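Asker: Taking the numbering used here, the leading residue of the sequence shown gets 206, the next gets one more, and so forth.
Because the hints were derived from the structure by calculation, they are not lab data. Keep in mind that this is a model prediction, so the values were computed, not measured. Ideal Cβ placement from N, Cα and C applies to all residues, glycine included. Do not rely on the hints blindly, as some may be mistaken.
[To be verified] Using C-beta positions, here's what the derived DEER-type ranges look like:
| id | residue 1 | residue 2 | range |
| --- | --- | --- | --- |
| 1 | Gly318 | Leu234 | 43 to 49 Å |
| 2 | Phe407 | Trp254 | 52 to 58 Å |
| 3 | Pro445 | Glu250 | 26 to 32 Å |
| 4 | Asp394 | Glu357 | 17 to 23 Å |
| 5 | Trp254 | Phe383 | 34 to 40 Å |
| 6 | Ile239 | Ile296 | 23 to 29 Å |
| 7 | Leu248 | Phe407 | 31 to 37 Å |
| 8 | Gly446 | Trp254 | 52 to 58 Å |
[What the hints assert, rightly or not] Heads up, simulated SDA-like pairs for lysine to any residue below, C-alpha to C-alpha not over 25 Å straight-line:
| id | residue 1 | residue 2 |
| --- | --- | --- |
| 9 | Lys447 | Val420 |
| 10 | Lys447 | Pro436 |
| 11 | Lys367 | Lys297 |
| 12 | Lys447 | Met428 |
| 13 | Lys297 | Phe383 |
| 14 | Lys392 | Ala426 |
| 15 | Lys447 | Glu357 |
| 16 | Lys372 | Val448 |
| 17 | Lys421 | Lys297 |
| 18 | Lys421 | Ile356 |
| 19 | Lys372 | Glu396 |
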Amino acid sequence: MEKISNQDGFDQQNIAEAWDKDQRRGKVLGGIFIIAVGVLFLLREMGFWLPEWLFTWQMLVIAIGIFSGLKHSFRSFGWIITVLVGLAFMIKDFAPELHIGKFFWPGAIILVGIFMIFKPKRDHCEGRMKWRQYRRNRNNSSNNTNNEDSIEYNAIFGSIQKNVISKTFKGGDVNAVFGGAEINLMKSDFEGKIQLEVNAVFGGVRMIIPPNWTVKSEISAVMGSVEDNRPMASDAQPDPGKVLILEGNAVFGGIELQSY
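Working from the sequences, and respecting the hints, build out all of it.
Answerer: Shown next, in the form of structure tokens:
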């Protein structure tokens, strides 16, 4: 039992260190990004010729996707979806003669599927741990209930509804692409800091979480929204010992946090 406790503490320390590293990287990259935008506008005002597509909303979507990937060391595929969305609309508006629109989205979906298969595992989602959890839970009769410590749910052109009841929750991934996902974490618990990546692209994700969890959102919203609609009752003050760090992207989609 002591060994497990030490391992959990080690995982929490690693997550906290990774979050601090991402924060520092995000500040540096954010500064570089803003400087680059300012330089581009300055060059245009000085009379230098620059292609018009550099100053479009499509390019902004692409830049945010690349920025998100760099910030999180390209650990997930959310940045790829954001970049593909920007490229699709840019090609449609600036190169209609290519006539690749009807092939673009099928190809994009295929690429996302390939990335999901071969993407690297998170440090806190080791295969041995997930296999042990699977063996413990394989006789669970409810397909909608999950007591594994780490989750990975994908709703692509469909919808899912899951209840997570782990008392040592460690985060994971939730992706909704042209689909919807509802994840209920009201019966889950954790200590320290954990990371949960949520991507909503032309779709929606509803996260039902306890009102006392402290949420720090690092989600990039492009023509989308991220809303925390949990009731702020006086008896549910944010617990600084339970910090949920949300990463990901909301591209033409929405991410909502609720509680009850």
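Asker: Hints broken by the structure, by number, lowest first?
Answerer: Of the numbered hints, 1, 2, 3, 11, 12, 14, 17 do not hold.
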